[in-house]
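Using the hints, position chain B against chain A.
Listed below, chain by chain, are the residues.
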Amino acid sequence: MSKKPTRILIAKPGLDGHDRGAKVVALALRDAGFEVIYTGLHQTVEKIVEAALQEDVDVVGLSILSGAHLPLTERAIARLQEEGMGDVRVVVGGNIPARDVEPLKALGVAGVFPTGSRLEEIVDFVGQIGESVNQRRS
Amino acid sequence: MAKITEQDLKKVVLESGIEVKPIYGPEDVADMDYETEIGEPGAYPFTRGIHKWMYRYRPFTMRQYAGFGTPYETNERFKFLISQGQNALNVAFDLPSQMGLDSDDPRAEGEVGRVGMAVDTLKDMEVAFDGIPIDKISVSLTINAVTAIMLAMYVTVAEKQGVPPEQIRGTTQNDILKEYVGRGTWIFPVEPSLRLTGDTIEYCAQNVPRYYPVSVCGYHIRESGANPVQEIAYAYSIACAYIDHVLERGLSVDDFVARLSFNFDIFGNLWEQVAKFRAARRLWAKLIKERYGATNPKAMQMKMIAGGGGGGLTIEQPENNIVRSAYYALISTLSGTQTMALCSYDEAYTIPTEKAAILSLRTMQILVEEMGMCDTVDPLAGSYYVESLTNELERRIVAEMKRVDEEWGGIVKAIAEGHVQREVAHQAYLHEKGIQDGSIVKVGVNKYRMEEEARDVALHQYNPQAVEEQQARLAQVKAERDGAAVSQALESLRQAAAGTENVMPYVLDAARAYATLGEMTQVLKDVFGEFREPVRL
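Residue numbers (my numbering), protein chains in the order written: chain A, 1 to 138; chain B, 1 to 537.
Excised from the complex, chain A in its bound form:
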């Protein structure tokens, strides 16, 4: 049986227009063999969760550089649960101060990758959590 590739949605919630990091990470993940969907800019949490549902993804990556990462992530995770997608894992990247890493994890975030993180580290991490989601689902 061939293994189903991990599907990940890279999303830009809020108004901030900086998408260089999101696109670079999306390209690195795609090169690593994942199925990557990118939402584009200016997405509401509702739209992101809707896309996650439609695309049936295993992982959602939120890219946030405006400073609003805590409230946005909290809402995204709550919304995923409401939509019956509580098993989807969430990772967060962007301009994230070190002191906010633990609070993000307490919200249920699987991994945090602040600006300057290594691409291979992100690829490895997404591979691991994608596999665990896949196993649980099958």
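By construction, these hints were calculated from the structure, which means they are not laboratory data.
Do not take every clue at face value.
[Unchecked claim] Restricting the straight-line Cα-Cα distance to at most 25 Å, the calculated cross-link-like pairs of lysine to aspartate or glutamate (DMTMM-like) are: (1) K47(A) with E109(B); (2) K47(A) with E533(B); (3) K442(B) with E120(A); (4) K442(B) with D31(A); (5) K442(B) with E121(A); (6) K105(A) with E109(B); (7) K433(B) with D31(A); (8) K79(B) with E166(B); (9) K433(B) with E35(A); (10) K525(B) with E50(A); (11) K47(A) with D104(B); (12) K447(B) with E120(A); (13) K478(B) with D105(B); (14) K447(B) with E121(A); (15) K433(B) with D124(A).
Chain B only, in chain A's frame:
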């Protein structure tokens, strides 16, 4: 011992793909004619600079970018800067204002006043410029998608101060096409956005003649990942799109092109950047004279703000950024910039501290006052390497512009369909891979790393009280204004937008009636629709 030959040397390839020889000589510039290809400073094709005496007569302007939360804070800060002798101000707007959303809009939640000043109605502009002599101060508004609205509010504030439009000086960024490539504060689809830019250029040419309505930004395109050739090529293709659009309205190039300026980025190889700017100046002059048939030399002069960009700075060993910024300032000086702004060394962590901001200013002042950078014009002219590189960069910029037209059907289509965005994202990815595999060296990042004390990113403190005050002021304006006049002005704006007339007079009427930014933007959204981002990875 065997003799060392050129084959033993490490290959050097610039970001733009140009291979650098170890030695350049007269043969590399043998075909060059000084008069036609380089020319005297201040003379066509302006390779050496747009003014005859350049910095010997007057050094470049030093302008640092800054933003403050509320119109009241902004006003206070402006008054302080003016009291310190500054005669040029720079306004940063918060994201909701840049996106045409009022402070009480649910989509603005958490963003009001965060990265700049919040503006909902004319009232906010009145507060921000209260007691500021608009006829004496040049004000730069960093605004794009809703430029027509902010410009209308600014012109109205001037009107209320008794300053006629012909005395207003300043600039709006108003380069909407680059927003789709980098920076991302677009609202409407590409075509109506271009029309709005055209409306502001036309309005200024006819009513506010001392105003610079557009600053075409290669800067953000390069910060998004473009190499130096792409930076200039895409910016020039965008500038030509604005020119072509305005020409269709019956204006002549000599009427408005002299009021377009540029904003470019500096980081990376010193020689490549200097040659990039010399090539860009010559190419702009040729384009405007040869393609558009301009006769006004001012229209052929490429005026720019060129400063050290954040893209070259690192979060690791941040003090190294002080040194990098000094080199970027040197590059900018050697490139004949009109205005310089430097990113501060601590920008990867925080809104620049006062100490860091002063250091940026001192960096520029040391170059001007101590290093002899203003003594003579374009000191690198005649260098075999610099002239040869200038020629090669110009060739490659021309080729990239041609590619935009031939492969993608022109820049407007290329942006609407996402080709430029994809190209730039791939370049960013290649660059990042190069840094991570060590083929592109960043000192302190992938070479000469050190164990560092953990430093935290200090984000701008968010002030919920200021947000409440902003929302209360908006509610008060709405309660006090003449509702019927607002509805009528918005309806007239809707009809103008649906037709082909210039919308500026209607936006001005709506602004005078205290229609909100959000209301005016919504009317335009109803007519134009919203941009659907083409996601091409």
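How the hints compare with the structure:
For the hint linking K47(A) to E109(B), the alpha-carbon distance of about 16 Å falls within 25 Å, and the restraint holds. The hinted pair formed by K47(A) and E533(B) meets the criterion: a straight-line CA distance of about 14 Å does not exceed 25 Å. Distance check on the hinted pair: K442(B) and E120(A) sit about 18 Å apart at the alpha-carbon level, within 25 Å; holds. Taken as a hint, the K442(B) and D31(A) pair is honoured in the structure, with Cα atoms around 24 Å apart against an allowance of 25 Å.
Taking the CA atoms of K442(B) and E121(A), the gap is about 19 Å. The hint holds against a cut of 25 Å. Between K105(A) and E109(B), the direct Cα distance comes to roughly 23 Å. Compliance with the 25 Å bound is thereby established for this hinted pair. A distance of roughly 12 Å separates the Cα atoms of K433(B) and D31(A); the hinted pair therefore holds under the 25 Å criterion. Of the pairs offered as hints, the one joining K79(B) and E166(B) holds, with about 24 Å between alpha carbons and a cut-off of 25 Å not exceeded.
Note on K433(B) and E35(A): the hinted pairing holds, with a Cα-Cα distance of about 20 Å set against a maximum of 25 Å. Of the supplied pair hints, the one linking K525(B) and E50(A) holds, its CA atoms being roughly 23 Å apart against a limit of 25 Å. Note on K47(A) and D104(B): the hinted pairing holds, with a Cα-Cα distance of about 21 Å set against a maximum of 25 Å. Taking the CA atoms of K447(B) and E120(A), the gap is about 18 Å. The hint holds against a cut of 25 Å.
Our distance criterion of 25 Å between C-alpha atoms is met by K478(B) and D105(B), whose separation comes to about 14 Å. Only pairs whose Cα atoms come within 25 Å are accepted, and K447(B) paired with E121(A) is accepted, the gap being roughly 19 Å. With a C-alpha separation of about 16 Å, the suggested pair K433(B) and D124(A) falls inside the 25 Å cut-off, and the hint holds.
Figure legend: structure checked against the earlier numbered hints; every hint is met.
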